[in-house]
Amino acid sequence: MSVERFTDSRALTLGVELELQIVSTHDYDLTPAAADLLRLVARQKLPGAVVPEITDSMIELSTGICENHADVLAQLGEIRDALVGAADKLGVALSGGGTHPFQDWSQRRIFDKPRFQQISELYGYLSKQFTIFGQHVHIGCPSADEALVLLHGISRFIPHLIALSASSPFVQATDTAFDSARLNSVFAFPLSGRAPFVLTWNDFGVYFDKMTRTGVVKSMKDFYWDIRPKPEFGTIEVRVLDTPLTIEKAAAMAAFIQCLARWLRVEKPYQPAEDDYLPYTFNRFQACRFGLDGVFVDPQTGEHRSLRDDITATLAALEEHAIELRAEGALRFIRNELAGHGNDANWIRAAQDRERLLPEVVRQQTQRWAGRS
Amino acid sequence: MDDLAGFLQIATWPPEPGVAFWAALALVGGALLGELVRRAFGMPRIVGYSAVGLVLGLAGFGAGMLQGNARLIVDLALALLLFELGSRVNLRWLRANPALLLTGAVEALASFAAIYGALRVIGQPVNVALTCATLGTSASGAVVARVAGELKAAGQVTERVIVLTSLSTLFAVLAHKLVIGWLHLDVAGDWVRAVSLPLWAFGGSVLVAALLAALVAWIARRLDLRDENAALLLLGLVVLALMAAKLLNLSTLLVPLLAGVLLRNTRERPWVWPRHFGTAGGVLVLMMFVIVGSAGSVDAVLAGGAAALVLLVVRAAAKTTAVFVLAPWSGIHWRQALGLSLALTPLSGTALVLLSDLQGTHPAFAPLVAPVILSAIVFTEVLGPLAVQWGLRLAGEQHPEPSTEARRVETVVA
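Chains A and B are the protein sequences, given in the same order. Position 256 of the first sequence, counting from 1, maps to 256 under the numbering used here, and the rest follow consecutively. Position 37 of the second sequence, counting from 1, maps to 37 under the numbering used here, and the rest follow consecutively.
Since the hints were made in silico from the structure, they are not lab data. Ideal placement from N, C-alpha and C gives every residue a C-beta, glycine not left out. Among the hints, a few may not be true.
Straight-line C-alpha distance at most 27 Å; calculated BS3-like pairs for lysine-lysine [stated by the list, open to error]:
(1) B:K152 to A:K89
(2) A:K268 to A:K113
(3) B:K152 to A:K113
Among chain A residues calculated to face chain B with C-beta under 10 Å, some are [stated by the list, open to error]:
(4) H26
(5) D29
(6) G48
(7) P52
(8) E53
(9) D56
(10) S57
(11) R80
(12) A82
(13) G85
(14) D88
(15) V92
(16) R109
(17) E355
(18) R356
(19) R363
Anything over 12 Å on all C-beta distances counts as not near chain A; from chain B, calculated [unchecked claim]:
(20) R71
(21) A96
(22) A153
(23) A210
(24) A220
(25) M243
Construct the complete structure from the given sequences, taking the supplied hints into account.
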């Protein structure tokens with residue numbers, strides 16, 4: 001089987017997918033209610049889609065094709081309100097965050113759908129450890145080749161995106177010391193990591209054929225890369241973000257990536273090269289472990305600086321593109337967070353320091369997700 | 001033989017084992033049988049506990065009406081279970097989903113009306129039908145809490161059966177107090193008592209419950225309730241409140257239930273503590289199921305069995321109808337509605353405690369009601385937990401799924 005045709009789409013359109021936690025309003029542990037939520041929201045007309053995820057205490061929502069930041073925020077708001085309404089009716093609550101801070105993965109049930117059951121069979125405990133929650137952002141690309149160039153351009157900013165979005169400091173009731181522990185679970189999968197350095201769809205097709213011949217992969221879905229092309233949508237899909245605690249943050253992150261894409265596309269500040277990937281896993285580890293305080297090794301100059309500084313510099317470079325894309329609000333949101341509590345992982349740790357009770361932290365997360373605090 | 005006993009300084013021969021001896025024996029028997037039904041048939045352990053009681057009762061060694069130590073154990077165990085149950089009733093949920101609240105009200109009223117009507121039709125006197133209707137309205141909080149906990153069930157049916165059981169228990173206790181008041185009026189023409197007793201039972205219980213809730217909340221801010229010692233402290237507080245309720249002639253059912261509800265709804269912070277407050281509570285719960293199981297006797301079944309069957313059938317029909325009619329509006333699938341209806345069928349500890357209270361206030365009248373209620377308890381004691389399990393399984397809320405469990409056991413054996 002060869003790689004599918006890349007559907008062309010309008011440049012810089014965007015779409016957002018969010019995986020959410022469904023928690024009990026009694027003890028704030030994960031609770032199985034995905035099927036009930038889906039049944040209740042199926043009665044409503046929503047802009048995007050709401051679909052099941054691998055365990056029945058997760059749910060995934062996605063927007064339709066959006067033009068800009070305001071569009072994303074409006075669609076996310078509409079879907080969020082519908083889901084929160086359904087959750088209220090079921091006596092459960094929804095929460096952002098890349099991991100549930102104290103759930104016991106052995107207690108999770110796999111959602112009753114053949115693909116999920118197969119994954120569960122294959123990966124064993126890994127699939128339940130995969131009870132993690134991410135935000136995926138799609139950026140539209142007018143051609144497959146442009147998509148691959150953009151993919152390798154954005155790769156330089158993967159650590160930035162991880163550090164900004166990190167919201168998974170706790171796993172199984174333990175402080176992992178990581179800001180994004182979620183990504184450690186992703187890295188355990190055989191085909192995670194970075195995409196191969198190819199810049200044309202033909203070369204990518206050659207790579208894909210070789211991989212399918214080994215029998216290791218059957219479709220694009222088997223690649224768990226940090227960024228991967230999504231030929232059927234005509235997009236590249238950024239997959240490293242933890243689900244944030246609010247839809248405002250989710251929309252801001254999506255718009256930030258849209259600005260990055262425009263900057264890379266219009267100004268071409270970097271020429272993609274295989275050597276850009278030399279410090280890639282080092283940078284990514286620093287971002288997961290230390291968040292905004294991580295060290296960033298500049299792939300071009302080899303210079304070391306903090307991620308926070310490089311993010312600030314990047315925000316300045318994006319200024320004019322934000323104006324063009326009407327994303328000033330999004331960048332302002334990110335700047336305010338940087339100056340304030342930092343990322344969501346910092347917020348979660350601060351809440352736990354204050355409350356000393358993880359269920360109470362999750363309760364406050366559900367309030368933030370619902371837009372009630 | 002007596003000489004040998006004397007030589008060994010055994011005080012009485014043949015030995016006369018006391019309450020503690022039989023209680024220990026019941027504990028051993030219950031725990032063993034509970035484990036057996038769990039392993040061999042995948043049933044909830046309380047089926048085993050209740051079966052031990054049932055055999056004792058039908059063999060003529062039963063506790064019958066609750067008195068003395070038996071009453072104390074049932075009160076304690078039920079207090080723990082009702083407190084846990086109450087602490088899971090989220091009034092905000094009832095506000096967000098009025099159909100659920102309505103299900104609770106309709107389900108209780110329909111059960112009451114159906115039992116009263118049916119018993120009148122088969123020729124029971126007004127007062128007997130009325131009393132049976134109040135006692136029969138409540139679903140079994142004990143069985144529900146215990147089976148759901150043991151199966152680690154989670155989901156809509158589990159949450160809803162907890163809420164509906166709490167509501168029906170509340171309804172049954174209030175109705176019961178009114179009926180006791182009515183009996184004072186009807187039998188003795190005592191107006192003052194008819195009005196003041198229910199008022200005192202209700203108002204006083206609310207006060208004690210509020211006090212208990214406030215104390216628990218105060219402690220929870222300072223200690224981690226998942227800690228063994230803090231759990232014991234919590235257990236002590238619940239027992240203390242229960243004793244206060246007994247001393248003041250308040251409802252031993254209402255105080256823990258309302259305290260749980262108040263705790264849950266007056267403070268935002270979530271509450272987490274070990275199930276049944278750890279091992280100490282677990283022992284009480286096991287003994288309660290043995291005692292309640294032993295309440296029935298062959299005589300009772302012969303006298304009231306037929307009426308009890310009628311009661312159970314119309315009660316189940318009423319509850320099922322109420323749940324199904326309101327299911328679409330309240331947001332559950334018909335499969336879940338069926339599971340919920342099944343889980344509401346058991347009748348046990350709560351009804352027995354109410355019956356014993358009646359025995360205390362109206363010793364002449366209670367024996368007319370007792371055979372019906374005791375027979376209904378005999379019929380549902382073993383089948384009830386199975387119905388709850390079946391219901392939860394039907395709704396896909398039992399965890400882990402028995403198939404996986406069975407497969408795991410097979411692999412280990414192979």
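Structure-based check of all given hints:
1. Between B:K152 and A:K89, the direct Cα distance comes to roughly 23 Å. Compliance with the 27 Å bound is thereby established for this hinted pair.
2. About 44 Å separates the Cα atoms of A:K268 and A:K113, which puts this hinted pair outside 27 Å; it is violated.
3. Restraint check for B:K152 and A:K113: satisfied, since their Cα atoms lie roughly 22 Å apart, inside the 27 Å limit.
4. For A:H26, the interface hint holds, since its Cβ comes within 10 Å of a Cβ in chain B; the closest pair sits about 5 Å apart.
5. A distance limit of 10 Å between C-beta atoms decides the matter here; for A:D29 the minimum to chain B is near 8 Å, and the interface restraint holds.
6. With 10 Å as the threshold, the beta carbon of A:G48 stays out of range of chain B, its nearest partner Cβ sitting at about 22 Å, so the hint is violated.
7. For the restraint placing A:P52 at the interface with chain B, the shortest Cβ-Cβ distance is roughly 14 Å, beyond the 10 Å limit, so the hint is violated.
8. Here the hint on A:E53 is broken, as its CB sits about 17 Å from the closest CB of chain B, past 10 Å.
9. The interface hint given for A:D56 holds, since its Cβ lies 9 Å from the closest Cβ of chain B, which is under the 10 Å cut-off.
10. For A:S57, the interface hint holds, since its Cβ comes within 10 Å of a Cβ in chain B; the closest pair sits about 9 Å apart.
11. Using the Cβ-Cβ criterion of 10 Å, the hint placing A:R80 at the interface with chain B is not satisfied: the shortest such distance is roughly 16 Å.
12. The restraint placing A:A82 at the interface with chain B is violated, with a minimum CB-CB distance near 13 Å, outside the 10 Å limit.
13. For A:G85, the interface hint holds, since its Cβ comes within 10 Å of a Cβ in chain B; the closest pair sits about 8 Å apart.
14. Interface restraint check for A:D88: the shortest CB-CB distance to chain B comes to about 4 Å, inside 10 Å, so the restraint holds.
15. Of the supplied interface hints, the one on A:V92 holds, with its beta-carbon coming within about 8 Å of a beta-carbon of chain B, less than 10 Å.
16. For A:R109, the interface hint holds, since its Cβ comes within 10 Å of a Cβ in chain B; the closest pair sits about 7 Å apart.
17. Checking A:E355 against chain B by beta carbon gives a least distance of about 8 Å; that is within 10 Å, so the hint holds.
18. Checking A:R356 against chain B by beta carbon gives a least distance of about 8 Å; that is within 10 Å, so the hint holds.
19. Annotation: A:R363 was flagged as interfacial toward chain B, and the flag holds, the nearest CB pair being 6 Å apart, inside 10 Å.
20. For B:R71, the requirement that its beta carbon stay farther than 12 Å from each beta carbon of chain A is met, with the minimum near 31 Å.
21. Distance to chain A contradicts B:A96 as a non-interface residue, since its nearest Cβ pair spans about 4 Å, not more than 12 Å.
22. For B:A153, the shortest C-beta to C-beta distance to chain A comes to about 10 Å, within the 12 Å cut-off, and the non-interface label is violated.
23. No beta-carbon of chain A comes within 12 Å of the beta-carbon of B:A210; the shortest separation is about 21 Å.
24. In this structure B:A220 is not separated from chain A by more than 12 Å, as the shortest Cβ-Cβ distance comes to only about 9 Å.
25. For B:M243, the requirement that its beta carbon stay farther than 12 Å from each beta carbon of chain A is met, with the minimum near 28 Å.
In summary, the structure is inconsistent with hints 2, 6, 7, 8, 11, 12, 21, 22, 24 from the numbered list given earlier, while agreeing with the others.
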